[in-house]
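Trainee: Mapping of the sequence shown onto the UniProt record's numbering: residues 1 to 507, in sequence order.
These are calculated hints, taken from the structure and not from any lab test. Fair warning: this is a prediction, and the values are worked out from it, not measured in the lab. Treat the hints with care, as some may be off.
[To be verified] Label pairs and their in silico Cβ distance ranges:
id	residue 1	residue 2	range
1	S468	N43	25 to 33 Å
2	D281	E156	45 to 53 Å
3	K138	N165	31 to 39 Å
4	S146	S77	39 to 47 Å
5	P434	E383	21 to 29 Å
6	K86	K107	37 to 45 Å
7	K417	K106	44 to 52 Å
8	G374	D281	48 to 56 Å
9	K463	R322	25 to 33 Å
10	K262	E44	42 to 50 Å
11	P434	T216	24 to 32 Å
12	T401	D251	54 to 62 Å
13	F88	S486	21 to 29 Å
[Stated by the list, open to error] Within a straight-line C-alpha distance of at most 20 Å, the following computed SDA-like cross-link-like pairs (lysine to any residue) qualify:
id	residue 1	residue 2
14	K209	R154
15	K403	E435
16	K482	N453
17	K410	E210
18	K462	H326
19	K476	D493
20	K476	A466
21	K86	I76
22	K447	K403
23	K107	V129
24	K447	M480
25	K121	K107
26	K332	K403
27	K235	T216
28	K107	V59
29	K209	I240
30	K412	R154
From the three backbone atoms N, C-alpha and C, an ideal C-beta is built for every residue, glycine too.
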Amino acid sequence: MSSLRRQSPMVTYPTNQRKKAPSNNNRLPSFLKPGVAVEISTNEEGFRGAWFMGKVVTVPSPDKDPLNCQVEYATISELDGSKPLKEFVHVDHLRPALPPMSEMEKKRDILAGEDVDAFYKDVWWEGTVTEVRGGDGKLSVYFRGSQELIQFRRDELRFHREWINDTWQPPLDEAVEEEEESEEDEVDDYTEEYLVPQVNLETTKAVAKEMFSIGTVVEVSSDEEGFVGCWFAAKVVERIGDDEYRVEYKDLREVNGVEPLKEVADFLHIRPPPPSDEDIDFAVGDKIDAFYNDGWWVGEVIESMKDGSVGIFFRESAEKMRFGRHGLRLHKDWVNGNWELPLKRGEVKRAKKVPFERNVRRKIAIDKQYFSIGTPVEVSSIEEGFEDSWFLAKLIEYRGTDKCLVEYDKLKAEDGKEPLSEEVNEFQIRPQPPEMVMVNPFEKLDKVNALYNDGWWIGVVKKVLAKSSYLVHFSKTDEMLKFHHSQLRLHQDWSDGKWITSSKVCF
């Protein structure tokens with residue numbers, strides 16, 4: 001992820017001022033003195049996210065521009081190997097040497113999902129823990145820059161920190177940490193300890209490749225300090241290689257405040273929007289997402305008010321805020337292509353099946369109808385979660401007296417590459433309905449089909465919105481989703497070889 005700033009409840013920035021502003025003053029950081037130990041970063045390809053150990057040799061005069069210091073590397077030598085390498089580096093690429101971990105941190109477990117620095121080939125590399133292995137006790141760390149997954153011992157890792165405004169974030173001072181912990185004791189009485197979901201990299205990568213085509217609406221997260229646990233609405237505008245996507249944010253803007261912000265996200269930081277959960281009453285201890293400053297932030301309910309509002313605690317920033325019911329949703333994790341409710345300590349793992357978020361389905365046995373080979377058809381499914389949906393396919397061959405083989409246009413087999421082929425039954429296949437041009441807008445209670453994740457889903461218009469948009473309710477899943485006019489068609493039923501147009505639904 002590129003290091004672009006978002007407005008955050010943890011850090012105060014101008015609204016939508018996302019890009020890091022270059023330093024425009026010539027103040028020399030106070031820690032830069034000859035002989036002091038430092039860590040050195042670089043923008044050189046292949047070394048982003050790396051911190052080299054070294055020391056300051058000379059510092060520039062305050063009136064000099066650019067502010068370049070001469071440094072001497074501790075583990076890199078000149079080409080002839082005779083002496084340590086020295087070079088001039090801009091002060092923006094220097095920070096103090098991070099002190100060794102405190103006794104408190106040494107006792108703390110490193111969990112899957114945490115950001116760490118890994119000591120590899122005499123350099124500290126920024127990465128993310130994806131698995132805590134049993135047996136040998138090693139931890140798997142994923143490096144986004146090189147797309148590598150490497151195992152490390154616990155003593156080869158340190159907790160990742162950023163040098164911001166002449167201080168380490170999170171703070172180093174144990175006294176500060178202990179004070180923060182005591183301040184959170186009251187909060188901990190109400191909040192639950194949730195397990196970090198285990199992510200399979202290959203599965204997540206394959207699902208992302210299948211689902212996220214150009215134009216797909218997604219949510220994007222960042223590992224940037226102050227934005228961990230936040231998801232921003234966006235859409236895919238370009239695929240980059242096998243595991244990266246250029247996205248355009250819905251609400252965030254470039255520095256000029258006009259153009260939508262675009263940046264590159266890898267497959268671990270992009271997901272489909274989670275399913276809606278209207279009319280849910282949140283209880284103390286629930287893990288939720290709160291919409292704030294154009295993003296969804298992860299928090300926990302610590303208080304429920306009589307007026308319907310709830311008190312939310314955000315662990316990342318140690319902040320407490322109050323929200324109304326609008327702008328809150330139950331937190332769900334996108335794990336290996338499925339939506340899962342967060343697990344608490346001691347609970348048995350279970351996945352919440354969400355039909356609208358998958359366009360890769362397991363092979364199932366369905367049925368056929370009599371059409372000529374190659375005829376375009378629409379096929380429904382009896383699989384749980386896919387009722388009231390129709391997917392485009394074509395007839396491949398007949399099988400027996402009541403079955404045939406179809407090949408789907410968009411759905412893929414388990415390998416994620418080949419088109420999915422299935423046997424289908426007569427009552428679950430029909431011709432493609434005739435196109436009906438809707439000149440007039442849809443109205444409330446119109447029965448429609450909504451195009452979502454490559455299938456047509458049967459629903460009812462519950463509310464007419466501005467800009468030719470509608471809220472559509474799906475009775476099978478009791479979900480409400482927003483669609484543009486172009487994503488809807490009037491519902492038609494295939495009965496006795498004829499198409500019958502549905503009118504409004506009565507309640």
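Trainee: Flag every earlier hint the structure violates by its number, smallest first.
Mentor: 1, 4, 10, 13, 14, 15, 20, 22, 25, 26, 28 and 30
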